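Visitor: Listed here are the chains, written in short residue letters.
There are 2 protein chains.
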Amino acid sequence: MKVAFIGLGVMGYPMAGHLKKAGHDVTVYNRNSEKAKQWKAEYGGETAPTPAEAAKGQEIVFCCVGRDSDLREVTLGGQGAFQAMAKGGLFVDHTTASASIARELAAEAEKRGFDFVDAPVSGGQAGAVNGKLGIMCGGKEDAYAKAEAVMAPYTKMAKRLGPPGSGQLTKMVNQICIAGIVQGMSEAYSLMRAAGLDIEAVTDVISKGAAQSWQMENRVKTMNAGQYEHGFAVEWMRKDLGIALEEARKQGVSLPITAVVDQFYAEVENLGGKRWDTSSLFVRQEAARKGNKK
Amino acid sequence: MKVAFIGLGVMGYPMAGHLKKAGHDVTVYNRNSEKAKQWKAEYGGETAPTPAEAAKGQEIVFCCVGRDSDLREVTLGGQGAFQAMAKGGLFVDHTTASASIARELAAEAEKRGFDFVDAPVSGGQAGAVNGKLGIMCGGKEDAYAKAEAVMAPYTKMAKRLGPPGSGQLTKMVNQICIAGIVQGMSEAYSLMRAAGLDIEAVTDVISKGAAQSWQMENRVKTMNAGQYEHGFAVEWMRKDLGIALEEARKQGVSLPITAVVDQFYAEVENLGGKRWDTSSLFVRQEAARKGNKK
Chain A
145 MKVAFIGLGV MGYPMAGHLK KAGHDVTVYN RNSEKAKQWK AEYGGETAPT
195 PAEAAKGQEI VFCCVGRDSD LREVTLGGQG AFQAMAKGGL FVDHTTASAS
245 IARELAAEAE KRGFDFVDAP VSGGQAGAVN GKLGIMCGGK EDAYAKAEAV
295 MAPYTKMAKR LGPPGSGQLT KMVNQICIAG IVQGMSEAYS LMRAAGLDIE
345 AVTDVISKGA AQSWQMENRV KTMNAGQYEH GFAVEWMRKD LGIALEEARK
395 QGVSLPITAV VDQFYAEVEN LGGKRWDTSS LFVRQEAARK GNKK
Chain B
145 MKVAFIGLGV MGYPMAGHLK KAGHDVTVYN RNSEKAKQWK AEYGGETAPT
195 PAEAAKGQEI VFCCVGRDSD LREVTLGGQG AFQAMAKGGL FVDHTTASAS
245 IARELAAEAE KRGFDFVDAP VSGGQAGAVN GKLGIMCGGK EDAYAKAEAV
295 MAPYTKMAKR LGPPGSGQLT KMVNQICIAG IVQGMSEAYS LMRAAGLDIE
345 AVTDVISKGA AQSWQMENRV KTMNAGQYEH GFAVEWMRKD LGIALEEARK
395 QGVSLPITAV VDQFYAEVEN LGGKRWDTSS LFVRQEAARK GNKK
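For the protein sequence lines, the chains are A and B, in the order given. Be aware that the first sequence starts at 145, since it is given in this note's numbering, and climbs by one per residue. Be aware that the second sequence starts at 145, since it is given in this note's numbering, and climbs by one per residue.
Treat the hints with caution; some may be incorrect.
A pair holds if it fits inside one copy or across any two, identical chains being indistinguishable in the list.
[Stated by the list, open to error] Straight-line alpha carbon distances no greater than 30 angstroms define the calculated DSS-like cross-link-like pairs of lysine-lysine that follow:
id, residue 1, residue 2
1, Lys352, Lys181
2, Lys418, Lys164
3, Lys284, Lys418
4, Lys184, Lys352
5, Lys383, Lys394
6, Lys394, Lys179
7, Lys352, Lys276
8, Lys394, Lys231
9, Lys394, Lys164
10, Lys352, Lys394
11, Lys352, Lys284
Hints are computed from structural coordinates only; laboratory data are not their basis. Since the model is a prediction, treat every value here as computed from it, not as a measurement.
Go ahead and model the full structure; you've got the sequences and the hints to work with.
Guide: Structure follows, in structure tokens:
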């Protein structure tokens, strides 16, 4: 199949590679063209100088960029892919972006006679490299079915959750849950450390029951050791929580602890933690505890 | 072995039964003596009119009552068990109580020449009936070893976490983690419902990754259906969070979201939810959302 991939970051680069290895004709575009040349040298395929030229004549155009503003530029901008999409084509967006822009791009695509699926992913760089991503999708059923088949080489699990924006909303919900879990754990661990308990021994007991979580099982050792140079970075978590809080504002939903935890992440950034894993809320929590003892 | 059991509530009644079925000579005491007679009719054994008389001449005295004040009455009160404990004996407290009272009772026991182990449990009524409780213990190693052997008939997992009070601290930590998890889920689910997403379908996707938790896997269906007549009651959760917040105050630890979630549980109580499961935070969250739409 003739496809394009826009955005060769840590996620997009290997994802586009999986498409090429699966036998598709892949044309790539990247803002920094050196990266596109490197990709072509590694996988073959073609490069294009603009998103519009990459999109021209393709059956499906995939995209994975940073933020709403980047996504807007590569779709609706003067050289954007939407200017060149073929009628009957499909645009699949893997960016973690707002539900609003997903709905807006879906409406715009419909006007221009092609389909749009929002499809943010989870699983991180390792998932992209190993072809084991979770993909949360929003859009029409037939458009999703078409996307699903082609995404297969980098999919661990994909699901359509509803109309355009549903993929983005699902990703938000994921991050909201993580925020509550990690801050709860951080408070619990801070109390344990103050009281002189062995954090890992206590976790071994409580992780057998109703307090169990993926975060507890996968982050207790690193939190206890003060290691945060891994996982999902605080600055990206703040981007995602910002999107969730903005969407909640539009929907008239209050997210009280999500809002507070987002502020705590601002404090983690101020402690030097922009690139630390989300479990670094424990650093802020412990800094506050030590302050109490002065 | 000659043992006593003080407090035949929904937990103590079957726990004492397990001890009797395991072949121990069991004497029971309960504030409401009808319950003690009923227990004797079911299991055999003996009843005693006061905690002190129950405790007299026993190798181990177990206890499972409601609150710190009840525990103080049955131990240090005029008719309390501590007045009659044999030298070299052991008092094992299964009450979920403060770490402070555990430390106080351990010190008092030491003065009087016997041992004390705090041993709050998790697993609920079903765990007590089926003999599958998690038991979190604090106290001396040899005292714990003695308790562990006798508690075996109702133990799924038991562990000594440190000196007196460590069992209670571990139970607190468990509840703090749950508070963060359930409020995060409630916020996430509220946003989903406002946006018209299928809560169970979305959960099916996000529970495969970093947002996964026992609460998510075990409570999504009932939360989505508005069913809360099961599980661990809000009023008991508030008791436990109150203990945790008091202990944190003493330790100079701030528990920001735990404190907020405790207040949310106060609102759930005002919505009629004293006996609802802890997952009923979603009711408050949804009430707040609907309020926004008036």
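Visitor: Against each hint, give a clear statement of whether it holds in the structure.
Guide: Hints, verified against the model:
1. Taking the closest pair of Cα atoms, Lys352 and Lys181 never come within 30 angstroms of each other, the shortest separation being 50 angstroms inside a single copy and 36 angstroms across copies.
2. For the identical chains of this complex, Lys418 and Lys164 are neighbours neither inside a copy (34 angstroms) nor across copies (58 angstroms), given an alpha-carbon limit of 30 angstroms.
3. In this assembly of identical chains, Lys284 and Lys418 lie within 30 angstroms of each other by CA distance neither inside one copy nor across copies; the values are 37 angstroms within and 44 angstroms between.
4. For the homomeric pair Lys184 and Lys352, neither the shortest alpha-carbon distance inside one copy (48 angstroms) nor that between copies (34 angstroms) is at most 30 angstroms.
5. Taking the closest pair of Cα atoms, Lys383 and Lys394 come within 30 angstroms of each other only inside a single copy of the chain (17 angstroms); across copies the shortest separation is 36 angstroms, beyond that limit.
6. Taking identical chains as interchangeable, the C-alpha atoms of Lys394 and Lys179 are never at most 30 angstroms apart, the minima being 38 angstroms within one chain and 56 angstroms between chains.
7. For the homomeric pair Lys352 and Lys276, the shortest alpha-carbon distances inside one copy (27 angstroms) and between copies (12 angstroms) are both at most 30 angstroms.
8. Taking the shortest Cα distances, Lys394 and Lys231 never come within 30 angstroms of each other, neither inside one copy (32 angstroms) nor across copies (68 angstroms).
9. Neither within a single protomer nor between protomers do Lys394 and Lys164 lie at most 30 angstroms apart by alpha-carbon distance, with minima of 40 angstroms and 61 angstroms respectively.
10. Within a single copy, Lys352 and Lys394 get their C-alpha atoms only as close as 39 angstroms, which misses the 30 angstroms cut-off; across copies the closest is 28 angstroms, which meets it.
11. Taking the shortest alpha-carbon separations for Lys352 and Lys284, only the inter-copy value of 24 angstroms comes in at or below 30 angstroms, while the best intra-copy value is 41 angstroms.
The structure does not agree with the numbered hints 1, 2, 3, 4, 6, 8 and 9 stated previously, though it agrees with the rest.
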